[in-house]
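Whole structure, please, built from the sequences with the hints as guidance.
So the sequences go chain by chain: A and B.
Under my numbering, the first residue of the first sequence is numbered 1, with each subsequent residue one higher.
Under my numbering, the first residue of the second sequence is numbered 224, with each subsequent residue one higher.
If you are wondering where the hints come from, they were derived from the structure by calculation, not from laboratory data.
Each hint should be verified, as a subset may be incorrect.
With a cut-off of at most 25 Å between alpha-carbon atoms, the simulated BS3-like pairs for lysine-lysine come out as follows [said to hold, decoys possible]:
id : chain 1 : residue 1 : chain 2 : residue 2
1  : B       : K612      : B       : K583
2  : A       : K101      : A       : K178
3  : B       : K583      : A       : K201
4  : A       : K178      : A       : K201
5  : A       : K92       : A       : K129
6  : A       : K201      : B       : K681
Here are the computed distance ranges between Cβ atoms for each label pair [stated by the list, open to error]:
id : chain 1 : residue 1 : chain 2 : residue 2 : range
7  : A       : N189      : B       : T487      : 27 to 35 Å
8  : B       : E685      : A       : G10       : 48 to 56 Å
9  : B       : T487      : A       : A223      : 35 to 43 Å
10 : B       : F654      : A       : R215      : 26 to 34 Å
11 : A       : R143      : B       : Y649      : 52 to 60 Å
12 : A       : R148      : B       : L511      : 29 to 37 Å
13 : A       : R143      : B       : M562      : 25 to 33 Å
14 : B       : L626      : A       : G131      : 50 to 58 Å
15 : A       : V26       : B       : E685      : 34 to 42 Å
16 : B       : D479      : A       : R2        : 49 to 57 Å
17 : A       : G24       : B       : S522      : 52 to 60 Å
Take a look, some chain B residues computed to stay more than 12 Å from chain A by CB distance [what the hints assert, rightly or not]:
id : residue
18 : M250
19 : V267
20 : A329
21 : G366
22 : A444
23 : N539
24 : R543
25 : E566
26 : L567
27 : K578
28 : G627
29 : G665
Even glycine gets a Cβ: it sits at the ideal position worked out from N, Cα and C.
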Amino acid sequence: MRVLIVEDAGETALYMRRALEEAGHVVDLASEGPTGEMMARGGAFDVLVFDRMLPQKDGLSVVSDLRLAGITTPVLFLSALSDVAHRVEGLKAGGDDYLAKPYAASELVARVEALGRRYDGPAPSTNLKVGGLEMDLLARVVRREGKRIDIQPREFRLLEYLMRHANQVVTRTMLLEKVWDYHFDPQTNVIDVHVSRLRSKIDRGFETPMLHTVRGAGYRLEA
Amino acid sequence: MIAKLLAPITSSLRTTTFRVALAFAGMFAGFAVLLLGFLYATTVGRLGIEADQGARRELTELAAIWSGQGIASLNMEVIQRAARADQTLYVLVRPDGGVVSGNIDAVPLDLSTVRRPDARLPLDLQSAIANSFSYERVSPDNGRLERRPARGLFLAGPDGFGLFVARDLGPGVEAADQVAQVIWVGGAGVLAFALIGGFVAARQAAGRVDELSRTTRAVMAGDLGRRAAVRTVRPGDGDEFDDLTDDLNAMLERIDRLVVAARTSGDSIAHDLRSPLTRLRARLETALVSSQNDDDLRSGVEDALTQIDGIVRTFNAVLRLSRLEAGEGGQLAPIDASMMMAELAEMYEPVVEDKGLIFKTHIETGLNVMADGSLLAQALSNLLDNSVKYTHAGEVALGARRLGAGEIELYVADSGMGIDVSQRDYVIERFARLDAARSLPGTGLGLSLAVAIAQLHKGRFELADGIPYDGGIGLRASLILPGFP
Numbered sequence: 001m002r003v004l005i006v007e008d009a010g011e012t013a014l015y016m017r018r019a020l021e022e023a024g025h026v027v028d029l030a031s032e033g034p035t036g037e038m039m040a041r042g043g044a045f046d047v048l049v050f051d052r053m054l055p056q057k058d059g060l061s062v063v064s065d066l067r068l069a070g071i072t073t074p075v076l077f078l079s080a081l082s083d084v085a086h087r088v089e090g091l092k093a094g095g096d097d098y099l100a101k102p103y104a105a106s107e108l109v110a111r112v113e114a115l116g117r118r119y120d121g122p123a124p125s126t127n128l129k130v131g132g133l134e135m136d137l138l139a140r141v142v143r144r145e146g147k148r149i150d151i152q153p154r155e156f157r158l159l160e161y162l163m164r165h166a167n168q169v170v171t172r173t174m175l176l177e178k179v180w181d182y183h184f185d186p187q188t189n190v191i192d193v194h195v196s197r198l199r200s201k202i203d204r205g206f207e208t209p210m211l212h213t214v215r216g217a218g219y220r221l222e223a
Numbered sequence: 224m225i226a227k228l229l230a231p232i233t234s235s236l237r238t239t240t241f242r243v244a245l246a247f248a249g250m251f252a253g254f255a256v257l258l259l260g261f262l263y264a265t266t267v268g269r270l271g272i273e274a275d276q277g278a279r280r281e282l283t284e285l286a287a288i289w290s291g292q293g294i295a296s297l298n299m300e301v302i303q304r305a306a307r308a309d310q311t312l313y314v315l316v317r318p319d320g321g322v323v324s325g326n327i328d329a330v331p332l333d334l335s336t337v338r339r340p341d342a343r344l345p346l347d348l349q350s351a352i353a354n355s356f357s358y359e360r361v362s363p364d365n366g367r368l369e370r371r372p373a374r375g376l377f378l379a380g381p382d383g384f385g386l387f388v389a390r391d392l393g394p395g396v397e398a399a400d401q402v403a404q405v406i407w408v409g410g411a412g413v414l415a416f417a418l419i420g421g422f423v424a425a426r427q428a429a430g431r432v433d434e435l436s437r438t439t440r441a442v443m444a445g446d447l448g449r450r451a452a453v454r455t456v457r458p459g460d461g462d463e464f465d466d467l468t469d470d471l472n473a474m475l476e477r478i479d480r481l482v483v484a485a486r487t488s489g490d491s492i493a494h495d496l497r498s499p500l501t502r503l504r505a506r507l508e509t510a511l512v513s514s515q516n517d518d519d520l521r522s523g524v525e526d527a528l529t530q531i532d533g534i535v536r537t538f539n540a541v542l543r544l545s546r547l548e549a550g551e552g553g554q555l556a557p558i559d560a561s562m563m564m565a566e567l568a569e570m571y572e573p574v575v576e577d578k579g580l581i582f583k584t585h586i587e588t589g590l591n592v593m594a595d596g597s598l599l600a601q602a603l604s605n606l607l608d609n610s611v612k613y614t615h616a617g618e619v620a621l622g623a624r625r626l627g628a629g630e631i632e633l634y635v636a637d638s639g640m641g642i643d644v645s646q647r648d649y650v651i652e653r654f655a656r657l658d659a660a661r662s663l664p665g666t667g668l669g670l671s672l673a674v675a676i677a678q679l680h681k682g683r684f685e686l687a688d689g690i691p692y693d694g695g696i697g698l699r700a701s702l703i704l705p706g707f708p
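Next up, the structure:
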């Protein structure tokens with residue numbers, strides 16, 4: 001995956017590059033709004049990562065200009081402003097995801113990969129398939145190796161998200177935001193409990209576990 | 224010294240109220256003077272015309288005698304008439320200007336300028352010269368000397384003699400004079416009254432404005448608790464100054480709250496982040512200095528990362544709380560509270576059950592509130608987190624119901640250890656941690672956030688006894704919000 005990072009704080013940018021490169025991605029760096037905009041217009045990137053506050057031209061303006069110019073590459077905003085209102089601003093300007101600073105490297109990588117994945121799949125299908133796990137989105141039926149699995153509506157959405165991001169790390173915050181649409185941080189291990197319930201349904205009685213916990217990061221559904 | 228004594232007076236004189244009062248008084252007085260002056264002028268004018276006509280009548284009669292019977296007869300007639308006369312004045316003068324007869328002692332005209340007619344021509348009434356003058360006489364009423372206006376005609380004869388006949392303007396003049404006096408006295412009175420009234424009103428206004436400026440100056444000087452005195456007790460009864468005072472006080476209240484929020488959040492951040500930062504530093508130092516192997520070092524760093532996440536969480540909570548308490552944030556829209564509660568229930572049910580507790584819901588349907596759904600969910604999630612954390616046996620219940628007066632209660636009840644009545648005010652303070660809770664992780668901000676969120680929704684937050692269980696009183700934490708039909 002080719003990623004463009006536009007971030008003015010040099011050390012942070014290098015840290016982000018290292019994290020993404022370790023995950024196997026190719027990273028280009030820019031430190032100013034206009035340079036970042038030029039590179040985004042010219043290069044074939046899979047994901048753009050923009051800091052909100054950039055010298056000369058701020059991230060929000062750059063991204064809304066890119067969108068006006070018809071560039072649809074997914075954008076992840078990074079910002080020290082973490083309120084819901086700021087998040088909404090970022091999404092309105094054309095961002096696809098919003099990550100508040102400070103963040104863990106694993107969170108950044110997971111979100112970048114989720115964004116990159118979103119756009120390279122074929123036309124939306126009514127069936128998802130990961131290894132022996134199948135999901136019929138219309139009939140809302142889940143099967144593993146042909147065996148029907150009884151599943152609650154929310155578990156269905158959770159599993160759908162995991163399947164759409166199969167073989168990627170998905171963080172707890174991502175699940176909270178994308179599956180529950182909550183933008184705060186519960187003190188209890190709510191997500192873990194839900195995931196472990198789901199795991200007991202899809203993995204119990206099968207030889208190989210599919211839903212893995214990635215220590216210090218989140219979860220990964222593997223074929 | 225004098226300037227100081229005069230200061231309140233001059234400041235009153237500078238006020239708008241005083242200027243407006245003065246302008247109105249001036250306009251009123253001016254108008255009165257104009258109106259009455261016009262009345263005076265027409266009255267006196269009328270009297271003058273009548274006097275002119277009277278004088279001309281007399282002159283015509285006397286001129287007939289003069290031209291018909293000669294100067295001697297005229298003299299006799301003038302003497303007779305002058306003796307009888309009341310309102311009419313006569314003077315017959317010789318060619319040299321000396322008075323022959325009459326009832327005043329001179330012709331009130333500069334006779335040297337009067338052109339003498341040709342001796343061969345007859346008397347010409349048209350050549351009579353009219354004038355206005357005043358003369359002195361002894362008042363018939365009180366015997367005092369008085370000056371009176373009159374209108375006269377002077378006719379110069381071909382024989383060199385001259386006859387002056389004049390009419391007093393009569394008793395009407397007194398009336399007109401009285402009117403004139405009324406004008407002056409009344410005008411002056413009105414002005415004086417307006418000055419005093421305006422001054423008093425201005426004093427009052429200046430006093431109220433002074434109170435406001437004293438307050439603003441005190442606040443500028445740093446006394447943020449200062450408020451302007453409100454004169455009326457009941458709201459809506461006051462004048463514009465009271466409204467202004469109320470607005471000013473409300474503004475100061477808000478500024479005060481913002482400043483206090485900014486200050487306490489700064490203090491709190493310093494206070495609450497200092498100890499975890501100290502711990503974090505110690506942990507890293509220990510890892511660096513005393514690690515025997517890579518595993519020790521690794522676990523030290525991992526601990527440190529966990530601590531940093533906790534610090535960030537606290538930091539975010541403090542920021543969010545400060546913004547909420549400052550009245551910022553929150554997009555209120557009609558939301559279905561029943562649905563929101565059901566979603567929360569669905570989210571928390573496994574968590575509660577995993578802890579070996581019973582989860583119950585008592586959610587009435589169709590409850591609508593004006594709310595920021597995300598904030599409301601956050602408040603309730605905090606309460607649910609608390610219940611899960613502090614309840615070790617029994618149950619946790621999530622409920623939503625209608626109260627009287629259109630209020631809606633959203634609550635979380637548990638069968639935990641509960642909070643003693645005496646400590647319920649304390650626990651909602653920032654960073655409050657009860658002794659029993661200190662060992663458990665938490666920011667100490669969850670309830671403060673719930674309170675701030677309730678207030679943002681014009682509602683309130685209440686703590687009560689929850690579900691009694693095994694000797695414990697339990698806790699019921701409620702957000703009580705105004706319903707939205």
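Here's how the hints hold up against the structure:
1. B:K612 to B:K583: Judged against 25 Å, a Cα distance of about 17 Å means the pair holds.
2. A:K101 to A:K178: OK: A:K101 and A:K178 at ~19 Å, within 25 Å.
3. B:K583 to A:K201: Since the Cα atoms of B:K583 and A:K201 sit roughly 24 Å apart, the hinted pair holds (cutoff 25 Å).
4. A:K178 to A:K201: Holds, at about 21 Å.
5. A:K92 to A:K129: Violated, at about 32 Å.
6. A:K201 to B:K681: Given pair A:K201, B:K681 is violated - Cα atoms ~44 Å apart, limit 25 Å.
7. A:N189 to B:T487: 27 to 35 Å: With a Cβ separation near 31 Å, A:N189 and B:T487 satisfy 27 to 35 Å, so the hint holds.
8. B:E685 to A:G10: 48 to 56 Å: Since B:E685 and A:G10 have Cβ atoms about 51 Å apart, the given range 48 to 56 Å holds.
9. B:T487 to A:A223: 35 to 43 Å: violated (53 Å)
10. B:F654 to A:R215: 26 to 34 Å: The hinted range 26 to 34 Å holds for B:F654 and A:R215, with Cβ atoms some 31 Å apart.
11. A:R143 to B:Y649: 52 to 60 Å: About 55 Å separates the Cβ atoms of A:R143 and B:Y649, which means 52 to 60 Å holds.
12. A:R148 to B:L511: 29 to 37 Å: With Cβ atoms ~55 Å apart, the hint is violated.
13. A:R143 to B:M562: 25 to 33 Å: holds (30 Å)
14. B:L626 to A:G131: 50 to 58 Å: holds (52 Å)
15. A:V26 to B:E685: 34 to 42 Å: With Cβ atoms ~56 Å apart, the hint is violated.
16. B:D479 to A:R2: 49 to 57 Å: holds (53 Å)
17. A:G24 to B:S522: 52 to 60 Å: Check failed, 27 Å falls outside 52 to 60 Å.
18. M250: Correct as stated: the minimum Cβ-Cβ distance to chain A is 56 Å, above 12 Å.
19. V267: holds (82 Å)
20. A329: At about 101 Å from chain A, B:A329 clears the 12 Å cut-off, so the statement holds.
21. G366: B:G366 is indeed farther than 12 Å from all Cβ atoms of chain A, at 98 Å.
22. A444: holds (34 Å)
23. N539: Incorrect as stated: the minimum Cβ-Cβ distance to chain A is 6 Å, not above 12 Å.
24. R543: B:R543 is in fact no farther than 12 Å from some Cβ atom of chain A, at 7 Å.
25. E566: Non-interface label on B:E566 violated, nearest chain A Cβ at 8 Å vs cutoff 12 Å.
26. L567: Check fails; 9 Å does not lie beyond 12 Å.
27. K578: Nearest chain A Cβ is 9 Å from B:K578, so the label is violated.
28. G627: Label holds. Min Cβ-Cβ 31 Å, cutoff 12 Å.
29. G665: Check fails; 6 Å does not lie beyond 12 Å.
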